[in-house]
Structure formats: C-alpha cells, structure tokens
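Starting from the known structure of chain A, arrange chain B on it as the hints suggest.
The listed protein sequences derive, respectively, from chains A and B. Read in the numbering used here, the first sequence has 247 at position 243, and its numbers run on one by one without any break. Read in the numbering used here, the second sequence has 41 at position 28, and its numbers run on one by one without any break.
One should not assume that every hint holds.
To be verified - Quick list of simulated restraints, FRET-style, between CB atoms:
#	chain 1	residue 1	chain 2	residue 2	range
1	B	Arg-90	A	Arg-299	47 to 53 Å
2	B	Arg-90	A	Ser-300	31 to 37 Å
3	B	Asp-96	A	Cys-52	36 to 42 Å
4	B	Arg-99	A	Glu-98	16 to 22 Å
5	B	Arg-136	A	Pro-63	14 to 20 Å
6	A	Ser-193	B	Ala-134	30 to 36 Å
7	A	Thr-93	B	Asp-77	33 to 39 Å
8	B	Glu-130	A	Ala-92	19 to 25 Å
9	A	Asn-133	B	Arg-63	33 to 39 Å
10	A	Gly-125	B	Glu-95	30 to 36 Å
11	B	Glu-95	A	Leu-29	31 to 37 Å
12	A	Arg-275	B	Asp-96	52 to 58 Å
13	B	Arg-136	A	Asp-96	50 to 56 Å
The set of hints was computed from the structure by calculation and includes no laboratory data. A virtual CB, placed ideally from N, CA and C, is assigned to each residue, including glycine.
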Amino acid sequence: MWEWLKRLLGLSKTLSINWLDEDALPRPPSSPGIMFCRQPPAPLDKSCLSFFGGLPITPADFQWPTSPYPAVADGSSGVSFLGQIDMATLPDSELRGLLPSQGILYFFFDWQIPYFKRVDGGHTVQYHNGDAASFQETSAPDDLHILHYKRYSSEQNAWFRFHKEGSLAPKAFLKTRITSAVIDTYEISHPGYEGYHRPENLGLRLRDKSVFDAFGPYSEPPPPPPDDGGLAFPCPRFPQAWLYVDHVADEILHRLGTVIGQFEDDKRAARNWIEKARAQGVFSAIPASERGLFRS
Amino acid sequence: MERNKELAIDREEQSLDKLLEQAALACTGPLMADPATSGLISSRLRTLTRRLHHAIQPGYAFDDIIAHQMLGIVPNREEVMEDLSRTHLLLMQFDSDPGMEFELANGGTCQFWITREDLTALRFDRVVVTLDL
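Isolated chain A, as found in the complex:
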C-alpha cells in the first residue's frame, strides 16, 4: 500500500507538470537573488569567514549583541549567532552593486521574541570591515540563550542536565561552511507550498528549478563501505564518546521509568553510567575498556 502510494505521488510530480504546460503560462516578474547552501560540517580554519553556526570570527572591539526584551525563561539575554557572510566571497552578479564589496555581515537571532511577525530590535545585524587576518573567534557570553529546538525541549535531554562551562551545545547552532550561487527568484501570486503544482505557484517552481540548476538536484550518495564506526549495528567501536553512553543510558531510564518496582538493577546501572559519563565529560572519548564494559 505504502509503496503504491509513493509510486503514485512520484508519478503525480511528473504528470502535474505536463498537465499545466508551464511554458504556456505567463512568466511572473523575476529578480536575481543569492542562495546559500550549507556544506556538511567539518572543522573549519580561521581563514574561512563565511559560515553558519558556531561562534563569530570578529575584530577585537566586537560587542556581542544582547536582547532589549525582558527574559522570559532562564534570565539569559544573549542573542544566538546565526552566521556570518564575507561579502568579498559572494558570486559576481549585478547584485554586487547593491552590497558592500568587502567586510563581513553578522546575523543574530533573539529567542526572547521568536513569534512576533515584525520586530524592531532584538534580531541584529552587524557589519565589520577591517583586516580580517587579525579577526579572532569570539567567546560566547555566559548568558547565551539555549536554542529553541525540538531536541532540546525535552527535560530528558542530556544537554540540559550536563551543560558544561565552555561547552557550546546547546547554545550555538551547528557550524558549517556555506557556498553561494546566484539564482532567479519570482513573484508568487499564491505564496505557499499548498498546491505546489497549481498555476499560481509557478514562481515558486521556477525558483526551485533555478536552485536545482545552481546546486544540482540532491542525489543520495552511494552506500559507503561498511566500517566499524557507522550505523551498521552492532558495531564494535560504539560508543566512541561518553556522550553516546549518556544518551543511551538516559533513553533506557526513560523507557524503564514507567515500570515501577521492576528492573531496579537495570535502572541503577543506567544511572551509574550517566554519572560516570558526567564525571568524565560527555564530550570526551571513551577508553576501550569502558566501552567493552558498557557494551556488555
């Protein structure tokens, strides 16, 4: 049934385009834009000045912006760093005339006001232009807000309980490099993904086609060769870090938590492993002897 439904939906993607005869539809007004694509996370050196997440690389006189709005949750006032863009690395196009040719733009998001439609202040943009060679990675302020992400919203999550001094998670977005390309964007008379193939959404489909042309359609990578550290469980290298131990033990506790008076030994063992992971530091590698003990 499911396979049949998937085939039908896949078929509809092709058929609907043919039904509409998109070439016959009037083209909506268009304007070029720059689209950014994140790359899989990898350690970045300081010379890379365009990226999303992590901590900003800034001049010495940089001041981390703070929220002007009263804290609603934990008293924190630091705003989250979304990313920075080195203007000199943007692709050449007619748009360059609108933007600064040099310098770096820094974007920040204020979680104190996440659900207002329009906001003045809070969410912040900063621009710095100087000798980038002297720029340094900035430390996060102590009162940085915890990210609003569904994985962090559970009190079961290890990040909340074991947040350590100096640790970024869960207060910074995942740091990844970015690439950019000029694309065509279009006005859309029905701005929404509802009824993606309806004529009013032609602008959206044309934009998507431009993105496909710029970055290439997504294709699944070939299956990687099996190794002992991946997801082919049981894998002998698992767990590689105390973080995994913490997460698995926490999940076991969570599942056994509803069964009162049973599995007490298992619960005690899980708590011991969490305490051990906490003592060792959840971000550190786990010795082979402890790994064997945990797996047993």
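Okay, now just chain B, sitting in the frame of chain A:
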C-alpha cells in the same frame, strides 16, 4: 513456543539496535560541531547525515528548498512582508534548517529587511525583521 521465544529475542535485539542508531544520529551533529570531537564521527556516519545539510530536501510530491537567501524575492505569506517588500530589500532570509538545528514553528523563515539608502550608508542598525511562521 520456541519459535515465539526466538521472535521475542529477535525483536529485542532489533529494538536495541534501533536505540543505538537513534543515539548515534542524535549525537552526530553536536560532536561534529566541535573540532575537538569531530574525529569521533565515522566517515560512514558523515555520509549518512549528508542529506541533512543540503539545500534541497527530497520529498515525495516535490523537493523542498531550504532557502537561505540574500536579495531577490521571497514568498510573502504575511501582510507585513508584503508591505516591507515594496520599500525594503531582502538583506537576508534564514530558513528553518534541521541540519543546523534552527527551527521556527515547524518550518518558518526569518527575514532581515533594509532600505536601499540604509544599505548604501551601512546602517545595519536600522534593519527590520519579520518572521513567516
């Protein structure tokens, strides 16, 4: 009876493997983010999580675009965006992006708007922000 016992054991092992899979995937992003711990992630796991970090998210009916965009036109689903798009330029739009753990109300977007004059004068303190949720 023996057959049932075999099936029960099989289910238990599958459940444990599933638990380990979930743990590995949940830990991958945060560990990757820190150069000190990124070496703990295997190349296989990096490959398997590649989709999370691509601008084009494959779907059954159509592919979704994670639209981190500068300048150009964005879908104006909110009246306030419609108004601003007449007087301002789109300096930057950040889209909800599970790969970087940025999420606004199940797929919302955040736009930074600036007038042409303010952009020329580098007055980024006058940026106006809208959220399309």
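Taking the hints in turn, this is what the structure says about them:
Arg-90 (chain B) and Arg-299 (chain A) have their C-beta atoms about 50 Å apart, which keeps the hinted 47 to 53 Å range intact. The hinted range of 31 to 37 Å is not satisfied by Arg-90 (chain B) and Ser-300 (chain A), whose Cβ atoms lie roughly 54 Å apart. Hint check: Asp-96 (chain B) to Cys-52 (chain A), Cβ distance near 37 Å, so the stated range 36 to 42 Å holds. The hint said 16 to 22 Å for the Cβ distance between Arg-99 (chain B) and Glu-98 (chain A), and at roughly 21 Å that hint holds.
Taken as a hint, the range 14 to 20 Å holds for the pair Arg-136 (chain B) and Pro-63 (chain A), whose Cβ atoms sit roughly 19 Å apart. Against the hinted window of 30 to 36 Å, the Cβ-Cβ separation of Ser-193 (chain A) and Ala-134 (chain B) comes to about 34 Å, which satisfies the hint. Separation of Thr-93 (chain A) from Asp-77 (chain B) is about 26 Å and departs from the stated range, judged on CB atoms against 33 to 39 Å. In this structure the supplied range 19 to 25 Å holds for Glu-130 (chain B) paired with Ala-92 (chain A), their Cβ-Cβ distance being about 23 Å.
For the hinted restraint 33 to 39 Å between Asn-133 (chain A) and Arg-63 (chain B), the CB-CB distance of approximately 34 Å keeps it satisfied. The hint said 30 to 36 Å for the Cβ distance between Gly-125 (chain A) and Glu-95 (chain B), and at roughly 22 Å that hint is violated. The hint said 31 to 37 Å for the Cβ distance between Glu-95 (chain B) and Leu-29 (chain A), and at roughly 22 Å that hint is violated. In this structure the hint that Arg-275 (chain A) and Asp-96 (chain B) lie 52 to 58 Å apart at CB holds, the actual value being about 56 Å.
Between Arg-136 (chain B) and Asp-96 (chain A) the beta carbon distance is about 25 Å. The supplied range of 50 to 56 Å is therefore violated.
Violation of the numbered hints given earlier is confined to hints 2, 7, 10, 11 and 13; the remaining hints are satisfied by the structure.
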